[in-house]
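**Q** Listed here are the chains, written in short residue letters.
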Amino acid sequence: MLKTEISSIKLKTPLILASGILGTAGTSLKRIVTMGGAGAIVTKSLGISPRSGHKSPTIVKEEKGGLISAIGLANPGYENFKDEIEIAKQGGAPVIGSVYGFSFREYIEVAQGLEDYGVAAVELNLSYPNVGKTGAFYGKHKELSFEVVKAVKESVGIPVIAKLTANVSDIVTVAKSCEDAGCDAITAITALEAMKINVDTGRPVLGNKVGGLSGPCIKPIAVRCVYEIAKEVDVPVIGCGGATTGEDAVEFMMAGASAVQIGTGILTRGITIFKKVSKEMEEILKRGGYKNVGEIIGIAH
Amino acid sequence: MRVTRIKEIRKETERIKTYILEEKVDAIPGQFVMVWIPDVDEKPLSLSYHKGNMGITVLAQGPFTNKLAELRVGDKVGIRGPFGRGFKIVGDSLLLVGGGVGVPPLAALADEAIQNGKKVTAIVGAITKSELLFVDRLENIGVRVLTCTDDGTCGTKGFTTDVLRDILKKEKFDQCYTCGPEIMMLKVLYEAKKKGIPTQISMERYIKCGIGICGHCIVDGTGQRVCKEGPVFRDVDVEKISEFGKYHRDASGTKIYFRNRK
Chain A
38 MLKTEISSIK
48 LKTPLILASG
58 ILGTAGTSLK
68 RIVTMGGAGA
78 IVTKSLGISP
88 RSGHKSPTIV
98 KEEKGGLISA
108 IGLANPGYEN
118 FKDEIEIAKQ
128 GGAPVIGSVY
138 GFSFREYIEV
148 AQGLEDYGVA
158 AVELNLSYPN
168 VGKTGAFYGK
178 HKELSFEVVK
188 AVKESVGIPV
198 IAKLTANVSD
208 IVTVAKSCED
218 AGCDAITAIT
228 ALEAMKINVD
238 TGRPVLGNKV
248 GGLSGPCIKP
258 IAVRCVYEIA
268 KEVDVPVIGC
278 GGATTGEDAV
288 EFMMAGASAV
298 QIGTGILTRG
308 ITIFKKVSKE
318 MEEILKRGGY
328 KNVGEIIGIA
338 H
Chain B
2 MRVTRIKEIR
12 KETERIKTYI
22 LEEKVDAIPG
32 QFVMVWIPDV
42 DEKPLSLSYH
52 KGNMGITVLA
62 QGPFTNKLAE
72 LRVGDKVGIR
82 GPFGRGFKIV
92 GDSLLLVGGG
102 VGVPPLAALA
112 DEAIQNGKKV
122 TAIVGAITKS
132 ELLFVDRLEN
142 IGVRVLTCTD
152 DGTCGTKGFT
162 TDVLRDILKK
172 EKFDQCYTCG
182 PEIMMLKVLY
192 EAKKKGIPTQ
202 ISMERYIKCG
212 IGICGHCIVD
222 GTGQRVCKEG
232 PVFRDVDVEK
242 ISEFGKYHRD
252 ASGTKIYFRN
262 RK
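Residue numbers (our numbering), protein chains in the order written: chain A, 38 to 338; chain B, 2 to 263.
Next up, chain B with everything else stripped away, as it sits in the complex (with noise of 0.2 Å):
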């Protein structure tokens, strides 16, 4: 557990904030590290800064994000990390697809994408306008930026899947990455793999150690531990995560199933 400091903090939207920490990372794009708050909890969280000083961006929606919202610029907080296997740059033609605040690791690796010369394409996400992340940081390095709401106030009314089948009908990308619910995953997935892209995923499971020995974020068909054999799986594993899609585990190991929000 290494203690560091908080450098800087951006609000994003209503809810979320980006919290620059004083420590200096070179981590993979998708890779996570585990934020600790003295005498509250820790959590995982992707880094949605990689390169430099870390950063990660987080919603304000349960005991410890609201906590970590209360945090000011000086505050301390423990890190362990980076963890996890991240993104994998593959091809020429990424196109990204994130929902909610699964933007964020998708982000990282627009900035790395860019750096490496590729063409960059993002579909974002969110309930409303306000909740969009990260369309200005996107569109300043270069990325092309297709925005979508539930509610129609900015891009395409509608869900990420339905921006997604309307580009796959007139372009062709070499490789999708997709983060955000599992249910709009899993539903990337299909389009993708429709047209025959590889696409690459980042889950979100119940993390507890985050060093691949308590077990907690095992996936069900695979046995692999999230925070050690993911969090990003490439499809063709996905396919062999029987629980994708179905259901997770909570803190107690016990199973609850996803609600299709469509």
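Next comes chain A alone, as it looks inside the complex (with noise of 0.2 Å):
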């Protein structure tokens, strides 16, 4: 019933594991598969060169729903990692490598090293906001979304994705730069650019300052970008932003996801969130009449 296909990639429910969470073994993304029951998953953001990122506290909870965090792509490089998915496959679920880069040659070295490791995909990382010229400083730009997609997209033969933020004034325009340049898939969106002050002290609570909001507090606003690019773009769309439920899930589809991905929803439902979402999101169906998850993506156009 929850079948779903994203290019070429098969999943037995449409649910990911969303870059930057649990990431950073292998035994750990295997974890998510085989107890958590998530469809695929995404490796955290990896580079040429290992990070240390930013200093502590990388990460605050907001009370009304969220979480604030700037790790500051911490990876060990994608040359340590090439053993992390290895083992990750054993899961039996498509592993996604997250790519960032600090030049598009840097993109190219990254997914290709990953391609040749095995993944099912590459996800571009042209989002993240907390780390000068890579990530978001790309995806803020259709221009340099579409050189770096297309020099990805002519270096490997995996599927591309293309992670958006939504931290720019037309996140549509973004999109359909990316599928201009032969992207296989979208995802939409990554944690909103915010900040916490600790009143007690008058600081920043963040070591970088500011950070990314990621949960329940911003599901209404990814589900809105879900929406419109799913109305401008042919390839696939995949929600991410505040997943947490069947609702929250179907709600994304219905937007016009083909895919949902899933973060911050761990920390309330714990690593088996997968697996209660699956269930939540087939009761769902079951009650609208639906066989096949298929049938409602973009059912709300």
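No wet-lab data here; the hints were simulated from the structure. Hints should not be assumed to be uniformly reliable.
To be verified - Think about it this way: if two alpha-carbon atoms lie no more than 25 Å apart in a straight line, the pair counts; the simulated SDA-like pairs of lysine to any residue are: (1) A:246 - B:207; (2) B:68 - B:253; (3) A:246 - B:71; (4) B:256 - A:87; (5) B:256 - A:85; (6) A:233 - B:82; (7) B:77 - A:236; (8) B:8 - A:237; (9) A:119 - B:249; (10) A:246 - B:252; (11) A:92 - B:16; (12) A:98 - B:40; (13) A:92 - B:256; (14) B:247 - A:86; (15) A:246 - B:212; (16) B:241 - A:72; (17) B:256 - A:154; (18) A:246 - B:72; (19) A:126 - B:240.
To be verified - Not everything, but these chain B residues come out facing chain A in the computed CB check (under 8 Å): (20) 2; (21) 4; (22) 39; (23) 209; (24) 212; (25) 215; (26) 217; (27) 219; (28) 224; (29) 252.
All residues carry an ideal CB built from backbone N, CA and C; glycine is no exception.
Two chains, two frames, some hints: make the complex.
**A** Written out as structure tokens, the structure is:
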């Protein structure tokens, strides 16, 4: 009932682990499939060399239903991740490699490396807001987004997914640019730029001062973005941003998403959130008289 | 993030201080808190006092802990937690094995165990006499303390594991608890297992979020999060953690292999 496909990636359930969550080690990614029930997993964003990331605090809880985080793209570098991908694949679900770079050349090198290590697809991080000239530095400009997607697409044979930020004046324009450049799918959205100040000290809490807001509080914005993008592009859209329940996931799909990523929801519902949400989705589909999850994609249009 | 003030500072050794905070807590021994110094950093620290005013005991050895050492009574620090799984008191006769700055959570455990009427023996080790931690505190509450130092300036000359091996030849315990350098804990686990004594181990990994979401403290073999499923693990779980005693991950997630002391 929940089987679906994104480009050539076959999913048992449309629920995918979002990048940056529990993705530091292969054993963890494997556990999120075998124990958690994820349909696919996205690794931590990987670059050409190890990065320690920002100073702590890296995460602060927003009492109103979210997290503000600024890990700072901490990662061991893609070459150190070869074994982790091998282990992650043992979970039996597609492994999607998240890629960031400080130049087109770096994006290409990491994407090609991960393809060699056997990932099912790469998700280009065009969205991370907290580290200089990478991530959102590209995703905030439709021309740069176009160039980086095109460059990677010409360099690998596996599907290329573009992950976008909503911290732009018009996310649809960027999405169309990525489609024109040949991307196979679009993930929307990443955490929204945000900040927390502690009133007892008058100091910003995060080590990086500003971070990205994720969780249930950003879901309505994410649903709106998916809806607008799906209306204008033909490639599949992967919804991301605060999905925590079956109802949330169904809402994303009705807005036009072919799959839904889950991240912060693990905080409240644990690693098995993927199993729980799958079950809730099935109940909603049955209630609506649907036989397959594909039937609901984009029906809100 | 809650902000509290430092209520009292006690000098334990040349480089180790205990900070008693104004905030009260009711935690399980072995649990940790994330301590924030505004504009500096935030680090996970085991509670050395887990009931009433919370206490942490810290060795000044890096940018964060050196900054902490400069703080005075009345200064503000941020706190998140307590987080993680702590020690579970099992049986009546408990053996604690602590090396260096691994002693604080065991001291909290001793408080709890003695209050519950348990018989507690503690092996406390350090490089030299002046670095031995909480010997008086433990003896004052009725713990039998066996000390050892690398240089022989106090107690047995040698490692905690040497003392452990000796005492296990003569005595039986219901449960063993250990915190300290990982290679030491690996040996403690091995010695206790030979005698059929279950062991609880407090593991240290690079913790960032503290709430089980970022995945930085994940251990290989089980994929468990030290901040959530740990930091205290039972021996049967530790045996499934393939990286235990072999390597840990640094701030970037790169594997760093342990060097054996001996």
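**Q** Each hint: holds or not?
**A** Going through the hints against the structure:
1. Taking the CA atoms of residue 246 of chain A and residue 207 of chain B, the gap is near 21 Å; set against the 25 Å cutoff, the hint holds.
2. With a CA separation close to 23 Å, the supplied pair residue 68 of chain B and residue 253 of chain B stays within the 25 Å bound.
3. Restraint check for residue 246 of chain A and residue 71 of chain B: satisfied, since their Cα atoms lie roughly 23 Å apart, inside the 25 Å limit.
4. Simply put, residue 256 of chain B and residue 87 of chain A have alpha-carbon atoms about 11 Å apart, close enough for the 25 Å limit, and the pair holds.
5. The hinted pair formed by residue 256 of chain B and residue 85 of chain A meets the criterion: a straight-line CA distance of about 16 Å does not exceed 25 Å.
6. Taking the CA atoms of residue 233 of chain A and residue 82 of chain B, the gap is about 18 Å. The hint holds against a cut of 25 Å.
7. At most 25 Å may separate the alpha-carbon atoms for a hinted pair to count; residue 77 of chain B and residue 236 of chain A meet this at roughly 12 Å.
8. With a C-alpha separation of about 17 Å, the suggested pair residue 8 of chain B and residue 237 of chain A falls inside the 25 Å cut-off, and the hint holds.
9. About 17 Å separates the Cα atoms of residue 119 of chain A and residue 249 of chain B, which keeps this hinted pair within 25 Å; it holds.
10. Restraint check for residue 246 of chain A and residue 252 of chain B: satisfied, since their Cα atoms lie roughly 19 Å apart, inside the 25 Å limit.
11. A C-alpha spacing of about 24 Å is found between residue 92 of chain A and residue 16 of chain B, which places the hinted pair at or below 25 Å, so the restraint holds.
12. Between residue 98 of chain A and residue 40 of chain B the CA atoms are separated by roughly 18 Å; this keeps the pair inside 25 Å, and the hint holds.
13. For the hint pairing residue 92 of chain A with residue 256 of chain B, the CA-to-CA distance comes to about 19 Å; that is within 25 Å, so the pair holds.
14. Proposed proximity of residue 247 of chain B and residue 86 of chain A is supported: the alpha carbons are some 23 Å apart, at most 25 Å.
15. Between the alpha carbons of residue 246 of chain A and residue 212 of chain B the distance comes to roughly 20 Å, so the proposed pair stays at or under 25 Å and holds.
16. Between residue 241 of chain B and residue 72 of chain A the CA atoms are separated by roughly 16 Å; this keeps the pair inside 25 Å, and the hint holds.
17. A C-alpha spacing of about 19 Å is found between residue 256 of chain B and residue 154 of chain A, which places the hinted pair at or below 25 Å, so the restraint holds.
18. As the CA atoms of residue 246 of chain A and residue 72 of chain B are separated by approximately 22 Å, the hinted pair is consistent with the 25 Å bound.
19. Between residue 126 of chain A and residue 240 of chain B the CA atoms are separated by roughly 23 Å; this keeps the pair inside 25 Å, and the hint holds.
20. Taking 8 Å as the C-beta cut-off, the interface hint given for residue 2 of chain B holds, the closest approach to chain A being about 5 Å.
21. The interface hint given for residue 4 of chain B holds, since its Cβ lies 4 Å from the closest Cβ of chain A, which is under the 8 Å cut-off.
22. For residue 39 of chain B, the shortest C-beta to C-beta distance to chain A is roughly 4 Å, which falls under 8 Å, so the interface hint holds.
23. A cut of 8 Å between beta carbons decides the hint on residue 209 of chain B: the least distance to chain A is about 5 Å, and the hint holds.
24. Interface hint at residue 212 of chain B: satisfied, since its Cβ lies 6 Å from the closest Cβ of chain A, which is below the 8 Å cut-off.
25. For residue 215 of chain B, the shortest C-beta to C-beta distance to chain A is roughly 6 Å, which falls under 8 Å, so the interface hint holds.
26. Annotation: interface hint on residue 217 of chain B holds; nearest CB of chain A at approximately 5 Å, less than 8 Å.
27. The interface hint given for residue 219 of chain B is met, as the beta carbon of that residue sits about 4 Å from the closest beta carbon of chain A, less than 8 Å.
28. Restraint check, residue 224 of chain B versus chain A: the minimum CB separation of about 4 Å is within 8 Å; hint holds.
29. The restraint placing residue 252 of chain B at the interface with chain A holds, with a minimum CB-CB distance near 4 Å, inside the 8 Å limit.
When each numbered hint is compared with the structure, no violation occurs for any of them.
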